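**Q** Line order of the protein sequences matches chains A and B. Position 77 of the first sequence, counting from 1, maps to 77 under full-length UniProt numbering, and the rest follow consecutively. Position 36 of the second sequence, counting from 1, maps to 36 under full-length UniProt numbering, and the rest follow consecutively.
No lab work stands behind these hints, which were simulated from the structure alone. Just so you know, these numbers come straight off a predicted model, no measurement behind them. Among the hints, erroneous ones may be present.
As the list makes no split between identical chains, a pair holds if one copy fits it or if it spans any two.
Here are the simulated DSSO-like cross-link-like pairs (lysine-lysine), alpha carbons at most 27 Å apart as the crow flies [what the hints assert, rightly or not]:
#1 K59 to K75
#2 K59 to K109
#3 K75 to K55
Number of protein chains: 2
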Amino acid sequence: MEERIYLSMLLSTYGSLLTEKQVNVMRLYYDDDLSMPEIAELNNTTRQAIHDLIKRCHKMLLNYENKLKLVEKYKRNEDIKKDIKDKLYILKDKIQDKDNVQLIDEIEKDINSFSI
Amino acid sequence: MEERIYLSMLLSTYGSLLTEKQVNVMRLYYDDDLSMPEIAELNNTTRQAIHDLIKRCHKMLLNYENKLKLVEKYKRNEDIKKDIKDKLYILKDKIQDKDNVQLIDEIEKDINSFSI
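Given these sequences and hints, build the entire structure.
**A** Here it is as structure tokens:
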């Protein structure tokens with residue numbers, strides 16, 4: 001996975017553990033693709049301060065993932081989810097009974113409501 | 001949910017964010033039900049030091065849950081999992097075709113392999 005996308009996922013997952021200012025700067029850098037001088041100007045600070053903040057937060061996010069592995073789990077669960085959905089489609093295709101098809105639709109909805 | 005069980009769940013979920021010593025003391029207190037003086041003796045320290053450590057870690061665990069809500073999600077996902085399994089049983093009961101039953105068994109296995 002591309003580094004920038006991965007960092008964006010880490011930020012979505014662990015952003016609540018950072019301060020509002022840290023998240024704000026990280027989003028400008030990783031999601032909005034702004035340069036460090038641009039972010040420094042927006043925050044009325046130096047390029048060096050932004051560089052240090054990004055570096056520190058980067059390290060914190062990798063550390064959280066290293067310990068909790070939520071992004072790794074998320075990716076694994078996404079694969080399982082896709083697998084289940086594929087099987088439900090096959091099953092639905094092979095079943096005629098209307099009530100059973102409805103039950104499968106409900107299972108699919110349940111699968112989508114998992115927060116992973 | 002009983003306070004002690006809840007704390008035990010928080011500890012299993014966020015223990016990797018604490019130090020080894022902190023987890024050790026918290027497990028003795030919440031899982032093994034030892035008293036503070038007993039834990040103090042085992043750790044060759046004072047009851048007050050253990051009291052402070054437990055209080056601080058308790059606060060940290062609640063803070064992590066307040067921000068990441070992993071235990072809350074876990075409980076919600078467990079309910080969804082149970083719901084899906086109930087529906088799969090109903091479906092299996094109503095289906096005759098052997099291949100379809102096998103497909104349902106596979107879906108059930110997938111559901112169990114979710115790490116939530």
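**Q** Tell me the numbers of any earlier hints that the structure contravenes, in ascending order.
**A** Violated hint (a single one): 2; every other hint is consistent with the structure.
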